[in-house]
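Below are the chains, spelled out letter by letter.
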Amino acid sequence: MKEYFNNAWSALYTIFVGMKITFKHLFVPSVTIQYPDVKLQLPERERNRLYVNMDDCIGCDQCARACPVDCITIETVKGIPGEDLGKTSNGKKKALWVTKFDIDFAKCCYCQLCVFPCPTECIYMTDVYEFSEFERSNLIYDFVTLTPQEREDKKNNYAKFEAEKAAEKAAAKPAPATKPIENQETPKP
Amino acid sequence: MNVYDLIFYLFAAITILSAFFVVTTRNIVYSAYYLLFTFFGVAGIYVLLGADFIAMVQLIVYVGGILILLLFGVMLTNKITNVDIKSGTIHTVPATIGVALFAGIILASMWNTNWKNVNSDMQVASTQHLGFLLIHQYALVFELLGILLLIALIGAASMARK
Amino acid sequence: MIYDFLFKITDSNIIASIIQSLLPLFIFILPFALFAVWLERKVSAHMQDRLGPMRVGYHGALQTIADILKLVQKEDIIPNEADKPLFNIAPVLVFIGSYAVFAAIPFSGAFIGSNIDLGIIFIIAASGFVVAGILMAGWASNNKYSLLGAMRSAAQIISYEIPTVLVVLTIIMITGTTNLQTLSEMQTGHFWNWMILGGPKFGIAKFIFIPFMIINFIIIYISTLAEVNRTPFDIPEAESELVSGYHTEYSGMKFAMFFLAEYANMFAVSAIVTALFFGGYQSPVGYVGNLFGIHWLIPIEQFFWFTAKGIFFVFVQMWLRWTLPRLRVDQLMTACWKYLIPIAFVNLIIIGLITVL
Ligand code: SF4
Ligand code: SF4
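Residue numbers (my numbering), protein chains in the order written: chain A, 1 to 189; chain B, 1 to 162; chain C, 1 to 357.
With the rest of the complex left out, here is chain A (with noise of 0.2 Å):
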């Protein structure tokens, strides 16, 4: 008999603690943000998605190589003798002309293995992390900074260069003249 009393009172007592706890947290300010208006700081080495700085990039291929998804795609070409590429901000002088340079961050998986390979620092991390898109294929992002034009010019440069090297040699050689093989894949836009 005792204990059914103290049941129900226990019962009764306990939904009033619990009850004044909750009460408390009505006017406790609350702890969430409201996300698109107010943002939380990232961390110092947050990593989302990346940038390349195409002034900087020689080309060397050593991210596309170190990227466990393969999600770069990059395709160069020499420049002919006495093109001026320019230099990277540290000095190395630049040899090769980037025409594709495309990473599918559908399929990176922001690891940043790719960043820390490249010689001239020109691929790193930024704090955009906003960028969902309604189509897969709009998630390709094309970072070189020539025009389609400019790249099959720079192309077709080369592959003449290389004609009329061969031609030349050919001349002075009389050997098969070997047309070289052409890269005619156009770059997407």
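Please note: incorrect hints may appear among the correct ones.
To be verified - Which bits of chain A does chain C cover? Going by a derived footprint, with three or more residues having C-beta under 8 Å, they are: (1) 13-21; (2) 88-102.
Stated by the list, open to error - Simulated restraints on C-beta separations: (3) C:Lys8 / A:Thr32: 48 to 56 Å; (4) C:Lys8 / A:Val17: 50 to 58 Å; (5) C:Gly352 / B:Ile66: 23 to 31 Å; (6) A:Asn138 / C:Glu239: 31 to 39 Å; (7) C:Lys338 / B:Ile147: 24 to 32 Å; (8) A:Pro68 / C:Glu75: 40 to 48 Å.
Said to hold, decoys possible - As a list, the in silico DSBU-like pairs of lysine-lysine whose alpha-carbon atoms are at most 35 Å apart: (9) A:Lys107 / A:Lys92; (10) A:Lys155 / A:Lys169; (11) C:Lys338 / A:Lys2; (12) B:Lys162 / C:Lys144; (13) C:Lys74 / C:Lys144; (14) C:Lys338 / A:Lys24; (15) A:Lys39 / C:Lys74; (16) B:Lys162 / C:Lys338; (17) A:Lys20 / C:Lys206.
Since the hints were made in silico from the structure, they are not lab data. Values in this document were obtained by computation on a predicted structure and should not be read as measured data. Ideal Cβ positions, reconstructed from N, Cα and C, are used throughout, including at glycine.
Given chain A's structure and the hints, the job is docking chains B and C with the ligands onto it.
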């Protein structure tokens, strides 16, 4: 024909139609739900007769209690909901005689009773009156019924314990 | 009073009663449901140190309207294997049950849907339709979770109706009336005339009543909470076990009807508790209208007090919801049959003795 008549015929139609469907439908759950409307119609007629307490008790006991228990029984019983109820015609002659007898008794009592005419829109404080009658004039019957129900309850409880 | 007014403008008792019967729906239940859904979200959010909806309107005030718009546009899905007629009727039946209750609730001295003598008994009777509707929904969905939820719900409502009715009986014994309007009128004056503080009659009995009244209030509050399937008694809709109980299969407007019925029920039980124990629509401190002699103001004030009290109890329901965990089925039945009902019975007998003496 005034509004009260209209409402009466509405309730009467609900009661009779749904009662008809209770016995004719093949699906036992439908039957139970038609019964809901029958009870509802009967309660409405009680209200029109000025017996509002009876109407409420009708709803509480039948809709809120009996019908729910019925549905519970039907739904908890395995496979009963999909079984077609047999509705063939058998024993035509005895059945006709029985029904005719029963109908005759009901009709006879209907015609021979001296019905009291009460104005349907009259307001009567029936609850208090009813309470007085139950406690004074019909006290014995009331108590006996109470004891009967108690016995039934105890019996059910003791059977359930076995 | 409202009826007389409507009768005067429309000059036909049928139209007047139809308009009057629609009034609670449009001036009360719909706005209340909109408000209560928002309140529920806000209360739950703030109790968990969140903010809740913030983007639609000021502090998300229009969020519910946006949700309603979404629900209206939704496709009305009827499962292939469902029992179509019953599936379609069930939400209507549930809504009828919870709407019928509002006919007997006295919102103010001037407005009560139907001032019947058996107000409180009518309310108990009308809620029977809700149970039938819930069972119908559960069975017609042809889904084991729905059926289980409906079964649990019906069992729970039937069990918890008993303590509710017992407590209502004690009130009937003290006041000698089942008319909610009369009951509210009796508790006029100041808050010490409320039933929870022993009722309007001053005397030694009043003070003896007080502890029993408080116990009564707690019992009826717990049992009505169970009757409207709110946490901690929400095992019929226990999300972690039953998806969402009897309305798992419903979508669009039919789901909205269940939702509306649920919130209407929440207010209805709060209104009953208010009318029985907390003076109904009576103000606790007196009326501004009386003070300045503006008599038409009094019914409006009464309406304000009634809704304020009702919404306060709805708030307590939400508060409890975010405080307590869900009960197990056996605990639920234990709480009802072993604790509430015996205590309510003892209370009934003691109060009966006190009233007789
Ligand atoms: S972050 Fe990782 S996955 Fe993404 S491009 Fe770099 S190496 Fe590839
Ligand atoms: S490693 Fe750096 S420099 Fe080399 S291709 Fe990648 S981005 Fe360009």
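Going through the hints against the structure:
1. 13-21: holds (count 4)
2. 88-102: violated (count 0)
3. C:Lys8 / A:Thr32: 48 to 56 Å: holds (55 Å)
4. C:Lys8 / A:Val17: 50 to 58 Å: Cβ of Lys8 of chain C to Cβ of Val17 of chain A: about 55 Å, so the range 50 to 58 Å holds.
5. C:Gly352 / B:Ile66: 23 to 31 Å: holds (28 Å)
6. A:Asn138 / C:Glu239: 31 to 39 Å: Distance hint for Asn138 of chain A, Glu239 of chain C holds at roughly 37 Å.
7. C:Lys338 / B:Ile147: 24 to 32 Å: holds (25 Å)
8. A:Pro68 / C:Glu75: 40 to 48 Å: holds (44 Å)
9. A:Lys107 / A:Lys92: This hinted pair holds, its Cα atoms lying about 31 Å apart.
10. A:Lys155 / A:Lys169: Holds, at about 21 Å.
11. C:Lys338 / A:Lys2: OK: Lys338 of chain C and Lys2 of chain A at ~14 Å, within 35 Å.
12. B:Lys162 / C:Lys144: holds (30 Å)
13. C:Lys74 / C:Lys144: holds (24 Å)
14. C:Lys338 / A:Lys24: holds (33 Å)
15. A:Lys39 / C:Lys74: holds (33 Å)
16. B:Lys162 / C:Lys338: Between Lys162 of chain B and Lys338 of chain C the Cα gap is close to 20 Å, so the pair holds against 35 Å.
17. A:Lys20 / C:Lys206: Holds, because 30 Å separates the two Cα atoms, which is no more than 35 Å.
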